[in-house]
Amino acid sequence: MADLPTIAIWKFSSCDGCQLTLLDCEDELLGILGRVQIAYFPEATRAEIEGPWDVSLVEGSVTTPEEAERIKEIREKSGLVVAIGACATAGGIQALRNWANVKEFASIVYAHPEYLETLETSTPHSDHIDIDLELQGCPISKAQLVDALLAVLSGRRPNVPTSAVCVECKRRQTPCVQVLGTPCLGPVTQAGCGAICPSFARGCYGCFGPKETPNTVSLAKRWSEMGASEDQLLRAFRTFNGYKPAFREESARHGG
Amino acid sequence: MADETRTIKTDYLARVEGEGGMLIRLKGNAIEEVKLNIFEPPRFFEAFLRGRYFTEAPDITARICGICPVAYQTAAINSMESICGVKVEDQIRQLRRLLYCGEWIESHALHIYMLHAPDFLGYPSAIEIAKDAPEVVETALRLKKIGNHIMTVVGGREIHPINVKVGGFYKAPSKAELEAMVPDLEWALETSLETVKWANTLDFPDFEMDYEFAALDAGGVYPIEGGERFVSNRGLDIPIDEFYEHVVEEHVKHANALQGHLKERGSFLVGPLARYALWYDLLSDEARGAAEGVGLGKVVKNPFKSIIVRSVELVEACVEALRIIREYEQPAEPAIEVKPKAGAACGASEAPRGTLCHRYEIDANGIILDATITPPTAQNQPQIEADLRGFVGQFMDLPNEELTLRCEQAIRNYDPCISCATHFLTLEIERG
Amino acid sequence: MAQTLTETAGSLEAMTPVPYAVAAKRQDTYDTWTLELEPQNGAPIVPGPGQFNMLYAFGVGEVPISNAGHFETEERLVHTIRAVGAVTKALCAAEVGTVIGVRGPFGNTWPIEDAKGKDVVIVAGGIGLPPLRPAIYHVLKYREDYGRFVLLYGARTPSDLLFLDEVKSWQRDYDVDLDLTVDAGDTDWKGKVGLVTKLIPPAQFDADDARGFIVGPEIMMKFVAQELMNRDLPAKSIYVSMERTMRCGVGLCGHCQIGPTLVCRDGAVYTWDEVENLIAVKEL
Amino acid sequence: MRAVLAPEALEAIVEVLRRRDWRVVAPTVRDKAIVYGEIASAAELPVGWKDVQAPGSYRLERRGDEARFGYAVGPQSWKRELLAPSVRLLQIERANGSFKVAKKAAETARTAFFGVRPCEVAAIKIQDRVLIGGPYADEDYLERRKNSFIIAVNCGEPAENCFCASMGTGPKAEDGYDLVLTEILDGSHRFLAEAGTDEGAELLAELPQQPAEEADTAAAEKVTDTARERMGITLDRSDVHELLLANLEHERYDDVAKRCLACTNCTLACPTCFCTTVDDANDLSGGAGERIREWDSCFTAQYSEMHGGGTRRSLQSRYRQWLIHKLATWNDQFDTQGCVGCGRCITWCPVGIDIREEVVAIRVTQEAKS
Ligand SMILES: Cc1cc2nc3c(=O)[nH]c(=O)nc-3n(C[C@H](O)[C@H](O)[C@H](O)COP(=O)(O)OP(=O)(O)OC[C@H]3O[C@@H](n4cnc5c(N)ncnc54)[C@H](O)[C@@H]3O)c2cc1C
Ligand code: SF4
Ligand code: SF4
Ligand code: SF4
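Chains as they are written, first to last, in the working numbering: chain A, 27 to 282; chain B, 56 to 487; chain C, 683 to 966; chain D, 2 to 371.
Worth flagging that the hints you see were computed from the coordinates, not collected in a lab. Be aware that one or more of the hints could be misleading.
With a straight-line cut-off of 27 Å between C-alpha atoms, the simulated DSS-like cross-links for lysine-lysine are [as the list claims (entries may be wrong)]:
hint	chain 1	residue 1	chain 2	residue 2
1	C	K964	D	K259
2	A	K247	D	K259
3	D	K101	C	K707
4	B	K226	D	K51
5	C	K771	D	K101
6	B	K230	D	K101
7	B	K396	B	K226
8	C	K800	C	K823
Pulled a few chain C residues facing chain A out of the computed Cβ check, cut under 7 Å [to be verified]:
hint	residue
9	A765
10	V766
11	A768
12	A772
All C-beta atoms, glycine included, are put in the ideal place defined by N, C-alpha and C.
Next up, chain A with everything else stripped away, as it sits in the complex (with noise of 0.2 Å):
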């Protein structure tokens, strides 16, 4: 037991759904914890492990001073630091508080504004620390998150796909919703969900954030050319994943 790898599982700005994803490894959670020690995930247990630990999960963004300073200790104490969804990755949704005035925002949500301790902008962990793996997605895949503990646990390299939504798409055979009419952020937006809104009928809404090389303005015009407005263009690119810099400049291109 004592030999066994410790993790901790860390929250910041998010709204639980990627540690969660943990939790909803129904099949394997079990046998993760037969590999590994669980030495903070207060989501699910009082018990704690003082660091270093040998994997840090962090799960959300940076948006208070407290957290900035949070994670360069979780970073010192860690032998891994993974980031895991949205947030961690891209500042996640919460991030489009970085286009807007903050104190604004807060006096819109809070009566007392004072009260609150907060930054002015939402930031991945990677502005504030290095990172050894980023799992994209809002949320993570589960499927990922076994596979990047099982790589981590035998120094395998985990199975994370770089390329477009689309090749998950074309392995389970679904037509182009695109082709079909349906403007989708497939193609510039990373695999690993599966391809599951084109499974819909739905384009994909660029929930994993964007691929390695990702060809936004082609997108965007074809976009256009299907009848898509600037503002639709601005949205679908300034949302869950907006702040990361080619979604970033995408949408700055369509005012904004």
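With chain A's structure known, arrange chains B, C and D with the ligands on it following the hints.
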């Protein structure tokens, strides 16, 4: 001893969703302070929803909470459909209810066995339970999985489903796809019935509170995916559109969340205990039978027994899921087209943790002008603090460590969802 | 139709790794190890000089690694591996007794028969030496069948030079014109400093009747081939070993294409004349 | 052997095949497109549908008649049945210090491909050449291929993006099938059926039929002749090999890189593209590993990645790799052409890049130069 100051404190509450802590200060036998600290950072959903397109609300608000995304999606949809004046056909509504049953099954199973049970069984977590009694955890995981599977088949995936939209679904599942889940659900139903019995064997402190129970009125069915009115056992009975005329919220210093009160009477309670107390008669025969079988009574005032009530609701969700699948006919069109209309309306649904209310105002182009979201935990927060006061008052003699544990348990009774609690708003209320 | 398919189909065995145990292991440099492998069952694979095997580290992955041993007599497979990524790290971490999977041998060979009676010029960069070692062994064993034997070896630093003792023993025992260099020396390094290309102008060989074998990074091979051509060695007489990502090793997965050729099937050994124009095209 | 079949005889084909334990896979309408799926009755064919295709666009429309095969090829190809998108190649188990390799149980379901277009027959022949025709054969492919039965259907209704006539692969299948049908719609709706193998002849013998008259043969000939004329020659392949290899650094690649998404759709929709990758995985106990082979594409960065970097990072280089492979280097590698002119890469490119236009653009400057 008399004037000694004691502090009962948990910096970071475990096995709840989101980031919160608890602080209780006693001076002698007097309670000086009870605080449920919520330091979950604010994410400003209501603010950045402004300017987004109305059809985006379900996808965006799902991200408020990874544990009950369907609750958010459904409340948002209910609100938008109400603004735009559309009513979906019953088949679509049933499909939504089925999806929601999936979320209830997943969330309740998770809470009962993995978040709440460790308190009763004396373990720090289900991980340790798994070492001594793996079958308990295996049961939990299998139940959870069945709930998740419903969400995957109907919604596309379990966390942040993608198939839900204003007006219906992107694609309706075939009857065969749903029927394939029946054997699993039958197992889940059996297991939930056992769960009720098992939960009833746990040890409960002798503690009751006199709650004002509030929940949606779904017009003759147990409230899950929506309801036109918001009612309580003390006479509250309002159309959901008047929610914010009665529920006021306050921003207190120790919480990045706003606390909800009933304007008329102060704290109130939403969630399984409330739904159960108000709508006991609408439960299925199986669920009611299970409650009767363990002598639960029509109203449960001991919050620690919420684990039994949650188990009864687990039964209810399985029964409902099976019923819907049995009666399902794939709709000709998975959705109706919804054109934006300027206006404002509230929409609500019964999250596993209680009533969740959204209110939006949109313009004629479908752009969101204003958004207000009040999750159940925010409504319950004053009540949680009230429970703690009551509980500490009664069990003051326990040693610190045990008292802390018990207080934590008292909080976990509510299955609080702190990530949710940090988003809701006030603007209108202050004006109102 | 089905019957005709079976008759025409090629070998089916190539895709299944065969278990080999690590029989001996030696650390060559800070990041490079040599493994000797023995078959667990059945007859050993006997790869030719220049051929490679696909080595599989259990549950981690599979990569192409050149044959680095004697190829005629050796019972054991010899592979020298530099730990650069997940699979090579796992292979290098394999202890004696560990079983790893082997598929092969694949690819073509150095033209050692064709080189008989001619001068042989071998130029290696860093980890490029092991793939040439079977050819070197052959020339040494049949030393009298060959003319001059020039061996030029360069590495980034002295600590990257492989098999230094062995290399020096070749020079001592077999009449080899050996020249060594490093890109950057250290305080202990008394030898030459500079790129391996600098060793070519002074080398003694008969360009009309010589064969050049080169292995190293693509850019190094390019400049070395250029230098050899400057010495009038024709492009057709210069051989290089190419490297590309490989999944199958037998021409089925498509990954190792360079224009018209599949490295695993048509290479990895090519004449310079075959690849010069391909390498010249950026990102081909 | 040759005969005329009434449209109703198609049902008999399905029946006979199913009775003989063949899984019948055929075109059928699903998700607003004509895909290939298992059918239990000929009624599941896309009766009376046609497809309207354009670069990056595909729509189904009613034809106004009862044609069974009145459409061209759709988003899927028979590659899905033969070189399956995802296959577990090996299961590897640790066993006392060593390991045991269990091969994946070969696919045994005998599958009849009903409605294979001539270009697709050609594509299967090309994949046969690549995957089992060399010194090493792909075992999984071979097993599936051995267990397949091909009922081809000649083309009468090429879509906008079809150019099989240019590539010499259609609209009439010459060989490579067990049975071939030509749908004749000139007044009396009928099919001319011709057996290509003994198995095909056996099947044909069991079907309700009329003898084929000369008029039927002529009518069938006219169907494919008309189709050929309608398509014309849109890709000149006579010199395309030299053209592309002489222009590896053509500026057109910069232009296409502005449009290309590197999304892989063209390659994965293509019936001949065969690139695959393998992923080795291990299980939680550490006791078992498996090797999964999946469709891959030269358009991904990981495809050409080596330690220390990728070989083809730019979109220019990835598009060029694909184009020259399809139309030139494929011939060098496998002594067969790589493109059959089915047009899928054009229709199913989300931004509608047209392989024919790219060749023309390169050719134009070449001609200007010379
Ligand atoms: C014909 C041939 C012979 C080789 N001989 C030797 C040798 O004798 N000794 C030696 O140390 N190395 C040799 N290599 C290089 C060796 O194959 C790579 O270093 C190895 O593949 C890296 O894999 P990895 O998992 O350790 O690294 P990673 O960087 O983790 O690999 C990532 C992936 O990319 C692929 N890949 C990465 N680099 C290469 C590469 N250079 N070539 C092919 N695929 C690559 C691998 O398949 C792997 O799956 C040879 C390569 C080829 C093609
Ligand atoms: S539907 Fe979207 S993800 Fe799928 S192939 Fe088309 S563009 Fe790509
Ligand atoms: S298709 Fe796109 S939006 Fe849908 S789940 Fe996948 S990555 Fe997310
Ligand atoms: S390259 Fe295009 S036209 Fe040619 S076979 Fe492939 S998909 Fe069809």
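Outcome of the hint check:
1. C:K964 / D:K259: Roughly 18 Å separates the two Cα atoms, so the pair holds.
2. A:K247 / D:K259: Within the cut-off at roughly 11 Å; holds.
3. D:K101 / C:K707: Given that 27 Å is the threshold and the Cα spacing comes to 23 Å, the pair holds.
4. B:K226 / D:K51: holds (23 Å)
5. C:K771 / D:K101: Holds - the C-alpha atoms of D:K101 and C:K771 are around 23 Å apart, at most 27 Å.
6. B:K230 / D:K101: violated (43 Å)
7. B:K396 / B:K226: Status holds; Cα separation ~24 Å.
8. C:K800 / C:K823: holds (15 Å)
9. A765: violated (11 Å)
10. V766: Hint on C:V766: violated, closest Cβ of chain A at ~12 Å, above 7 Å.
11. A768: Check passed: Cβ of C:A768 comes within 4 Å of chain A, closer than 7 Å.
12. A772: OK, holds: C:A772 within 7 Å of chain A, min 6 Å.
Of the hints listed earlier, those the structure fails to meet are numbers 6, 9, 10, in rising order.
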